[in-house]
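> Sequence:
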Amino acid sequence: MKFHWQISAGEFFELLRPAALVCSAVLSALVLASARRCGYRLIYSLAWAGATFLVPFIALPLYLIARFWSKRESKTQTLEEDHAHPSPRVRFRIALPIVYCLLLLLLSGYYLFREYHTVDAYLARAEQAKVMNNGPKAIREYRGALALEDNPHTHKLLGIELAQARAWPEAWREFQAAEQGGEPDPLLSFRLAQAFDLTGQRDGALREYEKFVESESCRRAPPHEWCDVAKQQVAKMLNTSLPQP
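In this text, residue positions in the sequence shown follow the working numbering: the first is 5, and each later residue adds one.
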């Protein structure tokens, strides 16, 4: 059995972001531990650590250069004494970077969680899903965006995806919500008419087809390619609605 796994460039970089934040947090904690061990004051150690977390490719080389050229007083305790009788200062020096790293990871996780559940994030993932021809995922993401913000344009985009999936009753509801919300797309009348037609709502379909025929999209030169279809549908509906002799 073969599995075909596809991922867009946007999705790939989204996966790299958590890994990059974890690496930055670990490097920042290591810089904090190193700075404290080298005798830097706490405020300067935290400054170097924070800079390393925010801009690691700039701050880390600068810290290594500063550490190389700094002059420090030699320690009188041996490694065996430190291990045998760790002082409170040494224990604090070890515990501080660990607590600092855990705090950074928790804050980074919270930040990613909040950012993942924003309207813009939902819309961006929906666009990525459309590029990958993943209609069901695009529908889920648009619905997630609408759960946070009732936007007529998003209703229209969701309706288009539902129409492509031939879920016409749901597509009709989304197109209608977009129209009621004031979505300015001139093609919305045709989409709504098609949804009306395919859900058996003849009067609504005729009204929207006629509205589209009278719109600027069909009056300008050259008219939109859907105008002929709309005119044919209007003529067909009017003819079938006339009483037969």
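Think of the hints as simulated: they come from the structure by calculation, not from any bench.
The C-beta atom is built at its ideal place from N, Cα and C for all residues, glycine as well.
You may find that some hints are simply not true.
[As the list claims (entries may be wrong)] Distance windows between CB atoms, simulated: (1) Gly-54 with Lys-141: 29 to 39 angstroms; (2) Gly-204 with Gly-113: 24 to 34 angstroms; (3) Ala-128 with Arg-97: 38 to 48 angstroms; (4) Gly-113 with Pro-65: 23 to 33 angstroms; (5) Glu-218 with Leu-116: 45 to 55 angstroms; (6) Arg-45 with Gly-113: 27 to 37 angstroms; (7) Arg-97 with Pro-65: 21 to 31 angstroms; (8) Ala-225 with Ala-128: 31 to 41 angstroms; (9) Ala-128 with Leu-191: 33 to 43 angstroms; (10) Leu-152 with Val-30: 48 to 58 angstroms; (11) Pro-188 with Gly-113: 32 to 42 angstroms; (12) Glu-218 with Tyr-120: 39 to 49 angstroms.
[Claimed, not checked] Cross-link-like lysine to any residue pairs, in silico, SDA-like; alpha carbons within 20 angstroms at most: (13) Lys-235 with Asp-207; (14) Lys-134 with Ala-171; (15) Lys-134 with Leu-19.
> Could you run down the list of hints and mark each one as holding or not?
Status of the hints after comparison with the structure:
1. Gly-54 with Lys-141: 29 to 39 angstroms: Since the Cβ atoms of Gly-54 and Lys-141 sit about 37 angstroms apart, the hinted range of 29 to 39 angstroms holds.
2. Gly-204 with Gly-113: 24 to 34 angstroms: At 49 angstroms between Cβs, range violated.
3. Ala-128 with Arg-97: 38 to 48 angstroms: holds, 43 angstroms
4. Gly-113 with Pro-65: 23 to 33 angstroms: Holds, since Gly-113 and Pro-65 (Cβ atoms, about 27 angstroms apart) stay within the stated range.
5. Glu-218 with Leu-116: 45 to 55 angstroms: holds, 49 angstroms
6. Arg-45 with Gly-113: 27 to 37 angstroms: Given about 30 angstroms between the Cβ atoms, the range holds.
7. Arg-97 with Pro-65: 21 to 31 angstroms: holds, 24 angstroms
8. Ala-225 with Ala-128: 31 to 41 angstroms: holds, 37 angstroms
9. Ala-128 with Leu-191: 33 to 43 angstroms: violated, 24 angstroms
10. Leu-152 with Val-30: 48 to 58 angstroms: violated, 33 angstroms
11. Pro-188 with Gly-113: 32 to 42 angstroms: Cβ of Pro-188 to Cβ of Gly-113: about 40 angstroms, so the range 32 to 42 angstroms holds.
12. Glu-218 with Tyr-120: 39 to 49 angstroms: Between Glu-218 and Tyr-120, where Cβ atoms are some 44 angstroms apart, the hint holds.
13. Lys-235 with Asp-207: It holds: about 15 angstroms lies between the C-alpha atoms, which stays within 20 angstroms.
14. Lys-134 with Ala-171: OK: Lys-134 and Ala-171 at ~17 angstroms, within 20 angstroms.
15. Lys-134 with Leu-19: Measuring from Cα to Cα gives roughly 18 angstroms; hence the hint holds.
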